[in-house]
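Protein chains: 4
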Amino acid sequence: MEKIPSEIQLQKETIRIETFSDGVFCIAVTLLSIEIGVELHGDVTDKILTHALLAKWPIYLAYVISFVNVLLAWIGHHSLFKMLHKSDNSILITNGLLLMLVALVPFPTKTLGEFLLTDGFKTAVIFYTGYFVLISIAFRLLWYAATGKAGILMTGITEKQIKQTTRNENIGLICNAIIFAVAFGNPWLALALSFAMWVYWLVFA
Amino acid sequence: MEKIPSEIQLQKETIRIETFSDGVFCIAVTLLSIEIGVELHGDVTDKILTHALLAKWPIYLAYVISFVNVLLAWIGHHSLFKMLHKSDNSILITNGLLLMLVALVPFPTKTLGEFLLTDGFKTAVIFYTGYFVLISIAFRLLWYAATGKAGILMTGITEKQIKQTTRNENIGLICNAIIFAVAFGNPWLALALSFAMWVYWLVFA
Amino acid sequence: MEKIPSEIQLQKETIRIETFSDGVFCIAVTLLSIEIGVELHGDVTDKILTHALLAKWPIYLAYVISFVNVLLAWIGHHSLFKMLHKSDNSILITNGLLLMLVALVPFPTKTLGEFLLTDGFKTAVIFYTGYFVLISIAFRLLWYAATGKAGILMTGITEKQIKQTTRNENIGLICNAIIFAVAFGNPWLALALSFAMWVYWLVFA
Amino acid sequence: MEKIPSEIQLQKETIRIETFSDGVFCIAVTLLSIEIGVELHGDVTDKILTHALLAKWPIYLAYVISFVNVLLAWIGHHSLFKMLHKSDNSILITNGLLLMLVALVPFPTKTLGEFLLTDGFKTAVIFYTGYFVLISIAFRLLWYAATGKAGILMTGITEKQIKQTTRNENIGLICNAIIFAVAFGNPWLALALSFAMWVYWLVFA
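Chains as they are written, first to last, in our numbering: chain A, 1 to 205; chain B, 1 to 205; chain C, 1 to 205; chain D, 1 to 205.
Since the hints were derived computationally from the structure, they do not count as laboratory data. Every clue listed holds true.
One copy or any two copies: either way a pair holds, since identical chains are not told apart in the list.
Cut-off 35 Å, straight-line C-alpha distance, at most; resulting in silico cross-link-like pairs (DSBU-like, lysine-lysine):
{"no.": "1", "residue 1": "Lys149", "residue 2": "Lys86"}
{"no.": "2", "residue 1": "Lys160", "residue 2": "Lys86"}
{"no.": "3", "residue 1": "Lys86", "residue 2": "Lys163"}
{"no.": "4", "residue 1": "Lys12", "residue 2": "Lys160"}
Looking at chain A on its own, in the form it has when it is part of the complex:
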């Protein structure tokens, strides 16, 4: 049990942080479902239950949107960590901030689903889209932490790759900010744009 070479040790630490982060993404995405259910009092008939199940469509919609968003965030997180050679305090703090936001995604999701059909709809969409602006900012800060100092990124990473990732992170942040701004004027358009952005990510990335 001699001293482990520090290079491998550093790499192992980074993998460890990533494994922990993966766990948070995985639990957050599965917890989205936890409060989805139908509650009925009094006599229940097939007709009443069918209506109750169908009436919950905003909850299902919010679930699907958040599931895809968290899954895309996980893929983005993984792409970013694949480039890291080691981690330092700034990585730890910015990644911690990101995880803190990801773990709380069930909250804006629930809010969106519950209030989509009320007159509080605009507020719910603003809250939801604003929340993903925060997540984009946390991603951007993590990438700053990764590129701000020498020796954090793997030596094989080229300038071109760095620029491309920076560009992708910036596009993500700007798109989310635009969607957030649109939500103040037209909440439905904001949700539609959010959906269009997925298609973009899934087809081009």
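Based on the hints, put chains B, C and D in the right spot on chain A.
Relative to chain A, chains B, C and D alone:
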């Protein structure tokens, strides 16, 4: 820290997606238990508590059925991923769809358990069995994604193995569709058939 | 990507089942805490909150007992799986049964905590201790499945080790059955015996 | 499948315990978010929803404080386990105690968030800060278990490293005890000190 050979890298990516999927299956199956409990107000005696515990049998039945279903889905998912050499966007999307459905299994389970003894019983069984038709379809799409393009499956996989898996996937989908159809006429028969299908899987697969 | 030697493949399958099982144990143990909380309506003062927090002691006691029980079950599960060379259908089924019970431990725990101070106390203890008899039986069946056929256990395992494990499993089952029987006459004594059993396991195993 | 050399086996056992512990930390931290949500009855307007979301700030504050605390505890736990060569019963028991406390962090967190704006505020802060004194004690006991006997720590660990960790553990315990004591006099100051302690850990550790 030179460039990792892309063959191993591709394999590692696939393992990573599978680990994440395993996490979702594992959490989904454990979350099934989360709302099971007895609530009593006023004076509680041994007799009242015993009756309350026994009266929850539909909830326990739904728990057992879903636990076995998700466990079988996990085994099927694993058999499928064992054949993958690498993953691409179609794998990612179809697998994401499958996970989205698996993570939400607590919802139809809860619905089945809660409304099994009400007049909304048929609707609950239709919803439950229909949900597993969706899961079968997601599995089928994932297998399409795996076999539709060259280079996704491992080179060791023979034509015969592929045909056998396709056959198994189709049988699973057809069985679930039949059970779903039966549920419209005779919900109890549908649940019994669902149970018979497990025995088939556990004995023959 | 040639065919992987079947020996290693078998071993890998067993590790995979164990990892999944570990996940279920880990989530089940952490979910025990999920509904613990104090709810107060109207004006809350320091005195009221202090009393409310202290009055929940049966919930805390149930949490501690279950946490230790699940942790001990995890250690037992791990010792058992360390001896397995490969797994087959009987292992899969008996292990699935065990996990199904472990994942539902929050239910008897909650019941014990909630009704410890009511007149339904005896029923709650009978339910709780009976539940752990079921878990012991599942363990015993898993061990049957491991020893009933040749080739499941690792070749390094001696007859003596097998006998010792069989003896431990039997002692565990008998102890839990005795505690269960005692619960019908004297619930508090049953809980005390349960506690004494831990000390035995922690000191001698 | 010969007997695995006991050295590697011991190391593997330690890794296994750490993986399980990581799971508990990861789930506990993600579960913090589970009950955060806004419930509104009657007509909901944008104004009402906005106010309801903003009024929940103590819940958000409690979430952030606990998330950071659990994350720091995870980092501390990992640093400690990195030094372990093998584990024994004392490690198992003290680590189990620590996990039992970590898994229950959502409870004091919820209590702090819910009663921060009530007259039960002081009790909530005392409970919360006292809870983290317990966690510090569990950490201290784990470290006692690691250093009390020869052969538990890795051979590469120097006396200096041991002393430094002992010092860190002691400082952590004393700080948490002081914060706890302050909470009896000035709860807000206690929360501010708690925050200051993070900055210390994040900058100096």
